[in-house]
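Undergrad: Sequence:
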Amino acid sequence: MIPHPKTCPQCQTMIASGLLSCPACHALIYANEIKVLVQEAENFTNDGNALEALIRWRKILELLPPESQQHNIVAQKIDALSKKVDSRALKNADEKKQPMPAALMGLGAIGLLLWKFKFLAVLLFTKGKLLLLGLTKAQTFFSMFLAFGVYWSVWGWKFALGLILSIYVHEMGHVFAIKNLGMPISGPIFIPGVGAFIRLKQGAVTPREDARIGLAGPIAGLGAALFCYAVFLFSGWPSWAAIAKVGAWINLFNLLPFVPLDGGRGFRALTQKQKWIVIAVMGGMWIWTMEGLLILLLLVGIFNALQKTQTEESDQRALIEFCLLVVVLSLMCKIHVSTP
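Residue 88 in the working numbering is what sits at position 22 of the sequence shown, and the numbering runs on without skipping anything.
Read the hints as simulated data drawn from the structure, not as lab findings. In this text the structure is predicted, and so the values were computed from the model without any measurement. Just to be clear, a hint being listed does not mean it is correct.
What the hints assert, rightly or not - Computed Cβ-Cβ distance ranges for the label pairs, DEER-style:
# : residue 1 : residue 2 : range
1 : Lys267    : Ser83     : 12 to 20 Å
2 : Leu227    : Pro250    : 27 to 35 Å
3 : Ser83     : Asn112    : 30 to 38 Å
4 : Gly349    : Pro326    : 21 to 29 Å
5 : Cys77     : Phe211    : 48 to 56 Å
6 : Glu108    : Gly215    : 47 to 55 Å
Claimed, not checked - List time: in silico SDA-like cross-link candidates among lysine to any residue, alpha-carbon distance up to 25 Å:
#  : residue 1 : residue 2
7  : Lys267    : Leu117
8  : Lys150    : Gln382
9  : Lys72     : Leu117
10 : Lys311    : Cys389
11 : Lys150    : Leu103
12 : Lys224    : Trp303
13 : Lys374    : Ile386
14 : Lys400    : Ala226
Think of the CB as a built atom: it goes at the ideal place given N, C-alpha and C, for glycine as much as any other residue.
Using the sequences provided together with the hints, build the complete structure.
TA: Below is the structure:
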């Protein structure tokens, strides 16, 4: 945290807390700090480290008045670097691709959908350090323990533990995306009966960034639900099927195209045409599964699509992720849970 100066470094006018420019001479209050950060950002850019450069530019943005031209210029630079980090992550994933196993090919469309989301397993099993990171935060650990106790008293400890971990993985999906975009982040805070939330210390610069952050939660949550369902298939324990079904329902609910829910953040990055494509997928899945929650998603989605679109830039990745999430989560909501 950079200490706020009491006087303007240029004209020595007294500066009120929170001001980013001098009211007398209009000089930037943090001009010297900005120069240092710009130099660091340029050095990281020259070294090919786009993520560290992006982190520095985001810090600079916080030190600039929102109405200033410099703020707009830095925001555009952040957007360009963010896209570079985004595309590099996808490129690295593509380089690690392997042929789809014959077992999944035999499942046809469902197998293709599961294979498209194979990186979820990577997130759950190779990002163990990241998943454990949230548990080192006192507010996360104690709020999780409190929520676990509440759910235990209602449904028993086995289901409560699985539900808490599913919610935790969902929230850490957000954390993973936020860190990948170079933003500071707090750990998840659990609220019994509601779920959990993460406090963003810095807002997304563009709708595309907001969509990456928003949809990352349901994507990770889907991975957790698929893992639970796989355990059920191997073990036959009904509690794992119940956790998978409830987890899928919660993540599908989060796709409601309404801010501040994840679906609302994902919808922000879609053009008018893309929104109607997602709505068509929702309608198709309702006809297929008759899942009642999809009616609510449809109604909110149609209302959202009739409003003025916030972006004219097509985000194909957000469209594909949103549609695949709707399809797979809707199917998982139909998991049959037998009573023990």
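Undergrad: Now tell me if each hint is right for this structure.
TA: Cross-check of the supplied hints:
Between lysine 267 and serine 83 the Cβ separation comes to about 18 Å, which falls inside the hinted range of 12 to 20 Å. A hinted range of 27 to 35 Å for the beta carbons of leucine 227 and proline 250 is consistent with their spacing of about 30 Å. Checked against the given bound of 30 to 38 Å, the beta carbons of serine 83 and asparagine 112, roughly 36 Å apart, stay inside it. Glycine 349 and proline 326 have their C-beta atoms about 25 Å apart, which keeps the hinted 21 to 29 Å range intact.
Between cysteine 77 and phenylalanine 211 the beta carbon distance is about 53 Å. The supplied range of 48 to 56 Å therefore holds. Between glutamate 108 and glycine 215 the beta carbon distance is about 51 Å. The supplied range of 47 to 55 Å therefore holds. Using a Cα cut-off of 25 Å, the hinted pair lysine 267 and leucine 117 holds, with the two alpha carbons roughly 17 Å apart. The suggested pairing of lysine 150 with glutamine 382 holds, with an alpha-carbon distance near 16 Å, which does not exceed 25 Å.
Between the alpha carbons of lysine 72 and leucine 117 the distance comes to roughly 33 Å, so the proposed pair goes past 25 Å and is violated. Restraint check for lysine 311 and cysteine 389: the C-alpha separation of about 19 Å stays at or below 25 Å, so the hint holds. Only pairs whose Cα atoms come within 25 Å are accepted, and lysine 150 paired with leucine 103 is accepted, the gap being roughly 20 Å. As the CA atoms of lysine 224 and tryptophan 303 are separated by approximately 11 Å, the hinted pair is consistent with the 25 Å bound.
This hinted pair checks out: lysine 374 and isoleucine 386 have alpha carbons roughly 22 Å apart, not beyond 25 Å. Annotation: proposed proximity of lysine 400 to alanine 226 holds, straight-line Cα distance about 21 Å (limit 25 Å).
In terms of the numbered hints stated before, the structure departs from hint 9 and from no other.
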